[in-house]
Each structure stands twice: as C-alpha cells, then as structure tokens.
Amino acid sequence: MDKAASQSYLNSHTNPKWTKGFMSWFMSTDHKRIGIMYAMAMFTFFFVAVCLGFVMKLQKMFPASSGWEIIPVEMYGSFFTLHAIIMIFLFIVPGAPAILGNFFLPLQIGARDVAFPRVNLLSFWLYLFGAIMAVTGVLLGGADTGWTFTPPYSINTQTISVLGIAFDSVSWMLTATFILGWGTILTGINFIVTVHRMRAKGMGYFKMPLFTWSIYATSWLQVLATPVVGITLLMIVIERIMPVGFFNPAKGGDPILFQHLFWIYSHPAVYIMILPSMGLVSEIIPTNSQKPIFGYKSIAIASCSIAGVGYLLWAHHMFTTGMSDFAALLFSFLTFFVAIPTAIKVFNWTATLYKGSITLTPAMLFALAFIFNFSIGGLTGMFLGSLSTDIHLHDTDFVVAHFHYTMFGGAAFGLIGGVFHYFSKMFGKMYSMKWAKAGFGFMFIGFNALYFPMLLLGYYGMPRRYQTYPDIPIFNKLQLASTIGSWILVTGVIIVLAVWIHALLKGKRTSDPNPWNSSTIEWQTATPPTLFNFEVDPVITRDPYDYEAFRAEVKAGTSLGASHD
Amino acid sequence: MNTHEQTQSPRLPIIVFAALILLTISTVLLSGLDVGNTTSLLIAMAVASMKAGLVLYFFMHLNHEPLIFKLFLGVAFFTLLAIFVLTFSDYSFRVLA
Amino acid sequence: MTDQVLAVEHHHDEVGTRLGFWLFLYTELFLFAAFFLVYAVYRSSHLEDFKLAAENLNTTIGAVNTIILLTSSLTMVLSLDALKKGSVKLAKLLLLATVALGVAFLIIKGFEWSAKFDHHIFLQTVKGIAAGHGSPLLTPGEEMLPVGQVLFFGLYFVMTGTHALHIIIGATWMLIVYFWISKGSINPENHGVLERCGLYWHLVDVIWIFLFPLYYLVA
Amino acid sequence: MNVNYNPASVFSQDVDFSFYFIFIISILCLVGITGFMIFSIVKYSRKNNPTPSNLEGHTGLEIVWTIIPTILVMFIFYFGAKGFLKMRNVPENAMEIRVDAGMWWWKFTYPNGLEQNTADGLTVPADTPIYLPLHSADVIHSFYVPAFRVKMDVVPKAEGAKDNYTWFEASRIGDFDLFCAEYCGLNHSQMITKVHVLTKPDYQAWLDEQSAEQMLQLAQNPGKALITSKGCFACHSSDGTKLVGPSFKGLFGKTEIVVTNGEEREIVVDEAYLKQSMLEPARDIVKGYQPLMPPLPLTAEEIMAIIEHIKELSE
Ligand code: HEA
Ligand code: HEA
Ligand code: CUA
Ligand SMILES: [Cu+2]
Numbered sequence: 001m002d003k004a005a006s007q008s009y010l011n012s013h014t015n016p017k018w019t020k021g022f023m024s025w026f027m028s029t030d031h032k033r034i035g036i037m038y039a040m041a042m043f044t045f046f047f048v049a050v051c052l053g054f055v056m057k058l059q060k061m062f063p064a065s066s067g068w069e070i071i072p073v074e075m076y077g078s079f080f081t082l083h084a085i086i087m088i089f090l091f092i093v094p095g096a097p098a099i100l101g102n103f104f105l106p107l108q109i110g111a112r113d114v115a116f117p118r119v120n121l122l123s124f125w126l127y128l129f130g131a132i133m134a135v136t137g138v139l140l141g142g143a144d145t146g147w148t149f150t151p152p153y154s155i156n157t158q159t160i161s162v163l164g165i166a167f168d169s170v171s172w173m174l175t176a177t178f179i180l181g182w183g184t185i186l187t188g189i190n191f192i193v194t195v196h197r198m199r200a201k202g203m204g205y206f207k208m209p210l211f212t213w214s215i216y217a218t219s220w221l222q223v224l225a226t227p228v229v230g231i232t233l234l235m236i237v238i239e240r241i242m243p244v245g246f247f248n249p250a251k252g253g254d255p256i257l258f259q260h261l262f263w264i265y266s267h268p269a270v271y272i273m274i275l276p277s278m279g280l281v282s283e284i285i286p287t288n289s290q291k292p293i294f295g296y297k298s299i300a301i302a303s304c305s306i307a308g309v310g311y312l313l314w315a316h317h318m319f320t321t322g323m324s325d326f327a328a329l330l331f332s333f334l335t336f337f338v339a340i341p342t343a344i345k346v347f348n349w350t351a352t353l354y355k356g357s358i359t360l361t362p363a364m365l366f367a368l369a370f371i372f373n374f375s376i377g378g379l380t381g382m383f384l385g386s387l388s389t390d391i392h393l394h395d396t397d398f399v400v401a402h403f404h405y406t407m408f409g410g411a412a413f414g415l416i417g418g419v420f421h422y423f424s425k426m427f428g429k430m431y432s433m434k435w436a437k438a439g440f441g442f443m444f445i446g447f448n449a450l451y452f453p454m455l456l457l458g459y460y461g462m463p464r465r466y467q468t469y470p471d472i473p474i475f476n477k478l479q480l481a482s483t484i485g486s487w488i489l490v491t492g493v494i495i496v497l498a499v500w501i502h503a504l505l506k507g508k509r510t511s512d513p514n515p516w517n518s519s520t521i522e523w524q525t526a527t528p529p530t531l532f533n534f535e536v537d538p539v540i541t542r543d544p545y546d547y548e549a550f551r552a553e554v555k556a557g558t559s560l561g562a563s564h565d
Numbered sequence: 001m002n003t004h005e006q007t008q009s010p011r012l013p014i015i016v017f018a019a020l021i022l023l024t025i026s027t028v029l030l031s032g033l034d035v036g037n038t039t040s041l042l043i044a045m046a047v048a049s050m051k052a053g054l055v056l057y058f059f060m061h062l063n064h065e066p067l068i069f070k071l072f073l074g075v076a077f078f079t080l081l082a083i084f085v086l087t088f089s090d091y092s093f094r095v096l097a
Numbered sequence: 001m002t003d004q005v006l007a008v009e010h011h012h013d014e015v016g017t018r019l020g021f022w023l024f025l026y027t028e029l030f031l032f033a034a035f036f037l038v039y040a041v042y043r044s045s046h047l048e049d050f051k052l053a054a055e056n057l058n059t060t061i062g063a064v065n066t067i068i069l070l071t072s073s074l075t076m077v078l079s080l081d082a083l084k085k086g087s088v089k090l091a092k093l094l095l096l097a098t099v100a101l102g103v104a105f106l107i108i109k110g111f112e113w114s115a116k117f118d119h120h121i122f123l124q125t126v127k128g129i130a131a132g133h134g135s136p137l138l139t140p141g142e143e144m145l146p147v148g149q150v151l152f153f154g155l156y157f158v159m160t161g162t163h164a165l166h167i168i169i170g171a172t173w174m175l176i177v178y179f180w181i182s183k184g185s186i187n188p189e190n191h192g193v194l195e196r197c198g199l200y201w202h203l204v205d206v207i208w209i210f211l212f213p214l215y216y217l218v219a
Numbered sequence: 001m002n003v004n005y006n007p008a009s010v011f012s013q014d015v016d017f018s019f020y021f022i023f024i025i026s027i028l029c030l031v032g033i034t035g036f037m038i039f040s041i042v043k044y045s046r047k048n049n050p051t052p053s054n055l056e057g058h059t060g061l062e063i064v065w066t067i068i069p070t071i072l073v074m075f076i077f078y079f080g081a082k083g084f085l086k087m088r089n090v091p092e093n094a095m096e097i098r099v100d101a102g103m104w105w106w107k108f109t110y111p112n113g114l115e116q117n118t119a120d121g122l123t124v125p126a127d128t129p130i131y132l133p134l135h136s137a138d139v140i141h142s143f144y145v146p147a148f149r150v151k152m153d154v155v156p157k158a159e160g161a162k163d164n165y166t167w168f169e170a171s172r173i174g175d176f177d178l179f180c181a182e183y184c185g186l187n188h189s190q191m192i193t194k195v196h197v198l199t200k201p202d203y204q205a206w207l208d209e210q211s212a213e214q215m216l217q218l219a220q221n222p223g224k225a226l227i228t229s230k231g232c233f234a235c236h237s238s239d240g241t242k243l244v245g246p247s248f249k250g251l252f253g254k255t256e257i258v259v260t261n262g263e264e265r266e267i268v269v270d271e272a273y274l275k276q277s278m279l280e281p282a283r284d285i286v287k288g289y290q291p292l293m294p295p296l297p298l299t300a301e302e303i304m305a306i307i308e309h310i311k312e313l314s315e
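Chains as they are written, first to last, in my numbering: chain A, 1 to 565; chain B, 1 to 97; chain C, 1 to 219; chain D, 1 to 315.
Please keep in mind that the hints were generated in silico from the structure rather than gathered at the bench. Take these hints with a grain of salt, some might be off.
Claimed, not checked - In the DSS-like style, the derived pairs of lysine-lysine whose C-alpha atoms are separated by at most 25 Å in a straight line are:
hint	chain 1	residue 1	chain 2	residue 2
1	C	Lys85	C	Lys183
2	D	Lys249	A	Lys437
3	B	Lys70	A	Lys207
4	D	Lys224	D	Lys200
5	D	Lys157	C	Lys51
6	C	Lys84	B	Lys70
7	A	Lys434	D	Lys157
Computed from a predicted model, the values in this text were never measured in an experiment.
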C-alpha cells in the first residue's frame, strides 16, 4: 500500500496533476471529495432559497388592506418559483444522495469508490452547470410559473427583457432543470451499479446497512423517472420557441397531459427526497439506542416498496383538473398503499427505542423530530389523498404545510441529523454539542410554529401562491403567527450553520473512529477515512446492526476499527 | 471478468437479420389490410415488439448476459407499462364533448 | 489516466460497466416513452386527423429507411464479432459501413423533411386556401390545419428530429471508435467501448422500429 | 365580515365527516407515536437503562401494524370517494350558470342571458342545485368556494373538447369568498369575488331587477355594458386610475408612446389603433405596461360600441 493511500483523504489526492487547493478538489474523482463539494455548492444555493422563503413569509404578515408590501407585485411569482426550484431541484432531490450518499455509500458497503468515479465527477459538473444556469436565469428575468411549470401559462408567460434584448428566461430555466436532471440520473446509475457489483466480501443484500438500501431504492427512481420530466420540460421549451403544439389548447393540445407527465416524475421525486433521510434515521436511531433496529428486513423491503408503489400514484396531484372520475378514484385508491410501507417504517423506528439505551445526541434529536414532523406530514397526506377532502384542500396553504412538513420537517431534518451524525467522520473535527442542541430547539419550535398555522389556514380556505389575501380575521391571526414562527426557525438555522462553520474552522480535531459506538462498518475505518476507505478490503461476517456481536468484537479487538486505536 | 466471451459465427446474426427484414415487409403488407383501427394498430405494435425483442435478445446480446440484466429489463418494462396503463385510466374514461 | 486513478478503479469491471450502460439506455428509452405517451394520447382523441395526416408520409421511404437501419444494426453486430475474433481490418470496414448506412438514413430523412417544407406542412399550415385565420404565423394564402393534424406534424417533426439527433450522436461516436481502433487502444482484448457503442446503436434502431409503424403505417 | 369556512353547502357534511375521521385517526397515531417516543427516551435513557437488549424484531407485531393501517386507509378511501362522487354527479334539475374565467376576471352568465362580472360576484338562490360549466379564456384558473367545499380547475380546452364542470347547492344565506386557486400570473391573488346566497324569493327579485337594468343599459350605452360584461374592468378603469392596463379615461385622441417589435414609436390614439389594440393586443404595447392583455373574441359591432364608449369617456 503506497503512502498516499494510507493518509486521510483530505491530504492525499487522486489526481497528481492537481495536487493542491481548489483544483485538487474540482478535478478529484474521489467520492468523498465529490460529496463535500456537493455539500458546499448546495448549501450556498440553499441559503439563497431560505432567504426567499423568509421574505415571502414577511410579505404575508399583514393582509392586502394594510398596504404592507415587501415584494414588488410582479416579483412574488418569481420568488416562489425560484424558492421551489432551488429547494427541490438544487437541494433536496439531489441533496442526500449527492452529499451523504456519495460519501457513505461506498464506505458502508466496504468499497473503495463508486463504480464509475469519473462519471461521478461529471455528475457534479453537470449539477454545478445547471445550478448556475438556474440561478443566473433569475437574474436575467426569472420565471413566474411555479416549480410545476403548468401550461398554458408557462407557454404564454412573457419574459422580461434585459438591457433591451428580449430573453426567454423561462426556457433558460427549463433547460437548466433538464441539465440538472442528467446529473441526478448519472448519480443514480452509478449507485445502482455500485451496490450490485462492489459490495465487500460477505455482504449479502440483507447485510447492507439501511442507508444503503434507501439510496439504492432512490437511485432506481432517479433513473426511471427523471428522463420523463426532462423531456417534458423540453417540450415546453420547444413549444415556446417553435410553432408546435403539445400542450397548448390553442393548438389542440391538452394541458392536463402535461400535468400527467410532470407528476409522473415529480411524485416519485418526493420519495427521492424522503427515502435517503429515512435511511439516515435508520442509522441514527439504532446507534443511539445501542441495539439492533427493529424489523431490519421489513424496513429494507419497505424502502423498495415505497419506491415501487410511489411510481403509481402521480395523479393524486390532479384531482381537481377534470381528469376522468375513474382515474381520480383509481389514483386515490393507489395513494393509500404508499402509506402502509411508510407506516411500517415509522412503527419500526419507534419500536427500536424499546429497551434501548438511549443517548440524546444532536443527531438523535433531529431523528426523533423527523419521526414527529414526518408523521404529521404523512398524515396530512392522508387528507390530500382522500378525494372529497382534497377537493377542498387542494392548492391551499394546507398543501404547502403538508409538503414543508414532509420535505423540510422530514427530509431536511433527517439530513441535518445525518450531517451531525457523520460530521466527525467526514472532517475529523467535532462541533459544540451544546450549541447544536440549542439550534435544534429553535428549529423544532420555529418549524412547528411556522407550518402548523398554515395547516389551519389551508383548512379555512387560504389559497396558495397568493401574494396578498383579503382581510379576514382568522387569516390575519394565523398568518402573523406563522411569520413569527419563521423568525424563530431562521434563528435556529443560523445557529446550526454557525455551529458547522465554527466546527470546520475552529473545531476540536478528533481521530476517534467511532464516537457514537456504531456497529456499521463505515465507523470502523479511520477518521477521516483514507483515500481508499479501508486499509484492507473488509470482509463482512455479521448483520449490520447486531450490537451484541459488535460489542463482543470490540472487546476481543477483532472489529475492523480495532487496528486504529 | 468477461463471462460471455463466446464468439459466434456470423450465421446467427444473419438469420436474425433475415427475420427482421421479413417482419418489416410483413408489417407493411399487413397495414394494407382493412381490419379496423384498433386491430391494425395492435398488429403493427405486435410486429414491432417482436422485432424489438429480436434486436434486444440477439443483437444486444441479452442472451449472453447474466440474469440481473434481464431483471433490469423487466423493471424498466413494467414501469413503462404502468405509465401507459395508468395514463389511459384517465383518457379512456374522459367524458367527451 | 494516472496510476492512482487506475488504482482506485482497481479491477476494471466490464460487466458492471455494461450494466451501467444498460441503465443509461433505459433512461433514453424513457425519454422517448414520454413522446410515445403524448402520441398515444393524441392519437386516441384525434384518430381521423392522425390518419389523414399520416397519408402525407411516404410508406416506401419509411420502409426503406427501416431496412437501412436494420442493416446497419447487422453490420454493427458483425463488426463487434470480427473484432472479438481478431480481424481488426474487417471490424473497421464493417464499422465504416454502419456509419455510412446511418448517413444514408439521415440523407433520406433530410429529403423527406424538405419535401414537407416545400408543401408547407411545416407544423401547422398547408398552402393553397385563401385567407388566413389571423394567426401571426400564417402568411397569406395559407390555412390552419385541423388541430389534430397540427399535433401529428408537431410530434412527427420533434420525434423524428430527436431520433435523428441520436443517429448523429451514434455515428459520431462510431467514428471516434474507428479512430481508436486504428490507434490500437480498442483491440480484440479490449473491446468494451465498441460493444457499448453497438448497444447504443441498436437502441436507436429499436426506437425507430416503433416510430416506423406509428407514423408511416397508421394511415 | 364573512366567515369562510363554516359549512354552507350540501357537500360540507360529507367533506367534514371525512376530514374529522382522518383527523381522529391522525391524532391517535401521532399521540401514540410521540407518547411512546417520550416514554422510551425517559425510561430507557442511558442513565436509566445502561444495558440495552438485543431485540431484533417481532413478526407478530409487524403483521399487526401492516394490517391495521391497511384497514384504516381503506375506510379513509371509502369516505373520500363517497363525497367525491356526489360532487361529480349533478342533479337533473340543476340550474345552469356558465362561468367564464380569464386573466384576472370572472364572468357569470345566467340562463336568461344576464351577465355578471368580478365586481358583481355570483348571486345564487339557496337550496337550489346550481350547475356550473367552467370555461377559460386563456390559462388555467380554479373556481374555489371554501365555504361550499367546492373546487374545480377552469381549464382552457382545445376545440371540440368538453369544458370542466362542477356544481353546488348552498344551504346558508350570506356572502362567501370565491377564490381563484390556480396560479394564473400577476393578479392571481386579486382574482377574488363573492358568492351571494339569497333566499329563493329574494333571488327572483334580484334577477328581475338586474336583468331589466342590464337590458336598459345595453340599449342606452352598449359600450359600457360590454366593457362590464367582457371583464375589461379587471384591467382598465374609466376614471383615470392606472390598473394593469391604461385607463380608458381621456384615451381617445391622446398621444402615446408604444413599443412595436421592440421599437418605440409615437402614435395618436384613433379608431384604427383602438380596434387593433383589441384584436391584436400584442402588436403595440403601451410603454410602461406589460404585454398582458389577452386577445378577446369581439365582433365588429361590439368593437364599435366599445370605441364609442371610450370616445365618450374622453370628452
Ligand atoms: C418529501 C416529500 C413528500 C412526501 C414524503 C410526501 C408524502 C405523501 N404525500 Fe405529498 N406532496 C409533496 C411532498 C411529499 N409528499 C409535495 C412537494 C406536494 C405538492 C407539490 C405542489 O403541488 O407543489 C405534495 C402534495 C401531495 C398531494 C396533492 C395535494 C394537492 O395538490 O391537492 C397529495 C394527495 O394525495 C399528497 C399525498 C401524499 C401521501 C399520501 C404521502 C405518503 O407518502 C405519506 C405516508 C406517511 C404517513 C401516512 C405517515 C406515517 C405513518 C403513520 C404515522 C402510521 C399511521 C398511518 C395511518 C394509519 C394512515 N401529497
Ligand atoms: C426542501 C424544500 C423546501 C424548504 C426547506 C423550504 C423552506 C421554506 N419555505 Fe418553502 N416551498 C417549497 C420547498 C421548500 N421550502 C416548495 C416546493 C414550494 C412550492 C412553490 C410553488 O408553489 O411552486 C414552497 C413554497 C413556499 C411558500 C408558499 C408560497 C405561496 O404559495 O404563496 C412559503 C410561504 O411562506 C414558503 C416558505 C418557506 C420558508 C419560510 C422556508 C425556510 O426559509 C425555512 C427556513 C429554512 C430552513 C430552516 C432550512 C432547513 C435546513 C436544512 C434543509 C439543512 C439540510 C441539511 C443538509 C442537506 C445536510 N415556501
Ligand atoms: Cu386565476 Cu389564479
Ligand atoms: Cu404526490
């Protein structure tokens, strides 16, 4: 084994041409470096979107009659569109697989890298290119179509000209989204092949950690769903620049067909967002309870059934579009079948706590909050899946609250928990526990204060994508409460980000390979990992969460990590 | 690692090719029959599927690939089928004009 | 590539690479699937218009093109076989033949398209009837086609256009492979790239196999 | 001040029943899960329970919590579907009011030809089923009356395709908000009006009075009537106020700068220009405005009438 390979990946490099500084990262095919680069890029974009969300909430603090206007009228549409495009296409869909999946999938299955390291780097470049395109699109005029790009509005809407030159920024943003899609597809292909071909000796499918399972299920969705939306968005571009008819009723098209194609991707996409976070929760909870996860196999199979069933219910977003009643009934019926594997997972996580030995680390707090928030998010999904209630709740703030509960309270909370869980492994630094917990407190309270009122608002009939709203007392009170919640929440976010940045710059160095005493193998290698992840290619002999066997190993000094002490 | 290094004689590909050409000619001829829209579409699609199957199985060497390749094809195929069937659960039951 | 990168990709996994490539082919397939779905939906709701419009397409040209593509698939298979057997020269020749057939396909397609332009079936108008509908896209003397035919031709141009784009990509790739074979970096022992190039070409063929009846035979 | 959410139609009962049914299940699940989490955190904290068990699962439990949710969701589906089917099946004797939606106006056309616009709102008799065909002039809008639990998208359709529809039967008298619930551009959040529910006799009286008035106006000043009924008032005022589009007051004979194909030029507003502005609004865009005006189907007489009225407003 040569010298570079036994050093931490932060100091050794894969590419001798660029050994230092920025280029040694930007040209690196090491899955760990790529993961970190994704994290840096994503959090930059993400911060922009947080600010947009915050401003939208400010705008809604008082009703129209107050004359309180934070965002110029023409801009509100662009605001929520950009907010959603960044959050969804730049952050939460690619986020977990790209950041933590890249970093930990090979580590968890005992591989040296992903199957196609260079394709992996290409994905990152595509991501960066698409992301920059999307963000510049906004500076060049923006799009006010919502992230759903619903035609015929998205075909008709005019774009603002820059410096006297008419510029079709809607097409620009659509193209950006298409490019971003290819980044995700390639990542998905990479992970599927990695899981099938690169598992360590002895690691059967049912010996893979649950995070790996969830990334695997996610990858299939990425591969099979993303191309559909890619080409659909391109069809809108074609329709905008050429006199062809696909979805424009003036040319004989059916705008509802676009919605079908869009949701064929975008519904599975919500499971792309949530599954990796579910995987992270499945890692954090057994670790911090020091016992095997309850019902390992059901959770693994549930991940795959969520992905499978999740493909079959897209049209529950379309109950009010006037599609056939038969389709409405069918899709509503199918929708409920995704609740069952999800319920199984939630119950299994909760049951894992039983007779454990629980430590409330920051990661654990976020994981438990995930269960709480996501349950609310998922259960509100039941109201939306049920036909008659969806007719009332569709396109109201109830839906907005539903998806923030799932995407933010669920997926993003899980991700934050995951970052806290893995932070020391990734950087070899430790953060301040006290401040991390304080950040959690603000985020949890702020989050619920922000979105619970929105559930009620939606029930009372407040439509979404409204710049202003009529002066109705119940609206006023709830909007105000929700805005104040956003202040608490943002305080929490800032604390969390500050904790991370502080830890990165000034945090205590640590080389403790396994601070939380976790039994999975990514914890049994050096901190931070070496270039090829393991000094010796590992051989798996036990179940990933068999804590009794793990403790015995540690005692006997035979665990993989033992050699590093 | 190469599991399927069997090199074949050019016989098989040429037979497959002949079959493909025959199917092409027959589909053109069959399209001349007056059997109603649905039937003629069904026939055309059936012939096309056969041709596609031949290309996939022989030209693309699925016949020599491990099981996992065929499973993947199955996943892709069923997903496609689901998309079409479910979309038509809307369009076949639309109340028209 | 450098030693270190090679060390990471320590064993080059040919089966894994092919598996990944198949997955990539599925994404291409799903891309076209979206088009086919749009086609299917509009065909079901505009049956008569679709049949009328399809009559403007020439079945013979379509059939000839189908046969050209099928032949090119055959030469591709044979080229790979030849390379595997070690007859590099033959492999190169057959590869060139494949490219040539692809180009022939494009040329015929090009004639077909330009004929459509001449008849002004471009997207939504036909010539010869008085007084426009007030659409800014119409020049005087043109008439709107019925919406069903507008949809048909829109789909026809975009789908065959996308397919032609794939042919161009495939042909370019083959030329690069040809170059690599000449250089010797693709050789009887290391023929993975040619194999994947072939897979891609066959997929493009499979897609045409479905495009052909849907556009040329439904009339 | 109206209360939007108090049930006010025959659907409310079904929808609210479904809602509360799911609500109760949700609360039970949530309390159960959260309660168990808190209990475990305390009971099995590292301090209280230093040695964890190695419990790996329990097949019986697994089956229980697969089957029970399955049964529950099937009930949820059933109640939801029941309420939905009622919304889709219009009673035979329903009264038809045609709804037209456009960027950013509503128009309601009564069986006797009376037209009401965004400013007037939709007036209906109580306890009468109302059938509403929904027609869109441009993009997708959505007809939403929270108090009635009614929502249906107003989707522009290709030639020959059937428009969407919905129906309701108001069961309470009062004024209720009517929102546009599908994003439709700049003034989406102003695409709001009211549903006025009157008793049947009141409604009849209102209808007679309005119809007579509209007939009279149509006879006296057809231009004004058209501007009202075509929804021009959503974007144009007649008192000089600047809305989405320029005001009609003082418009005729005015010198303006318009942008044609990206080039600015000065014009004097005359009949030809007005006519063209209505037929092809995208051609000349008045400087300082967005090209938002939709081309509206107007006949030559209607255009002349409108121009007459604009002239009047400019005297
Ligand atoms: C991470 C993202 C995510 C996730 C995981 C989900 C999960 C679910 N969603 Fe959600 N959804 C979105 C993101 C997400 N959604 C977004 C972004 C939109 C709006 C898009 C837009 O319009 O802009 C949306 C909109 C949306 C709609 C359309 C609403 C409308 O516009 O009218 C519907 C309708 O059926 C729906 C349903 C569901 C269901 C049934 C689930 C299920 O998967 C939930 C399953 C989970 C549970 C059920 C909870 C846990 C289980 C228990 C606690 C056990 C007990 C449970 C029972 C006995 C029932 N969602
Ligand atoms: C992941 C998705 C996500 C997230 C995190 C957010 C965050 C926020 N959202 Fe967002 N929102 C959407 C996705 C998201 N939103 C979407 C899809 C829409 C629909 C748009 C449309 O209609 O087209 C929407 C619409 C939307 C609206 C409705 C607009 C309208 O209909 O009128 C509002 C209104 O207030 C709002 C507010 C906010 C606020 C205040 C925040 C935030 O500011 C709150 C503060 C943010 C945080 C606290 C971040 C949490 C931290 C993390 C996520 C870190 C994760 C860690 C790792 C990756 C390791 N959002
Ligand atoms: Cu009309 Cu929103
Ligand atoms: Cu969904």
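Now for the hints, and whether the structure bears them out:
no.	hint	verdict
1	C:Lys85 to C:Lys183	holds (18 Å)
2	D:Lys249 to A:Lys437	violated (63 Å)
3	B:Lys70 to A:Lys207	holds (24 Å)
4	D:Lys224 to D:Lys200	violated (30 Å)
5	D:Lys157 to C:Lys51	holds (22 Å)
6	C:Lys84 to B:Lys70	holds (24 Å)
7	A:Lys434 to D:Lys157	violated (59 Å)
Checked against the numbered hints given earlier, this structure breaks hints 2, 4, 7; the rest are met.
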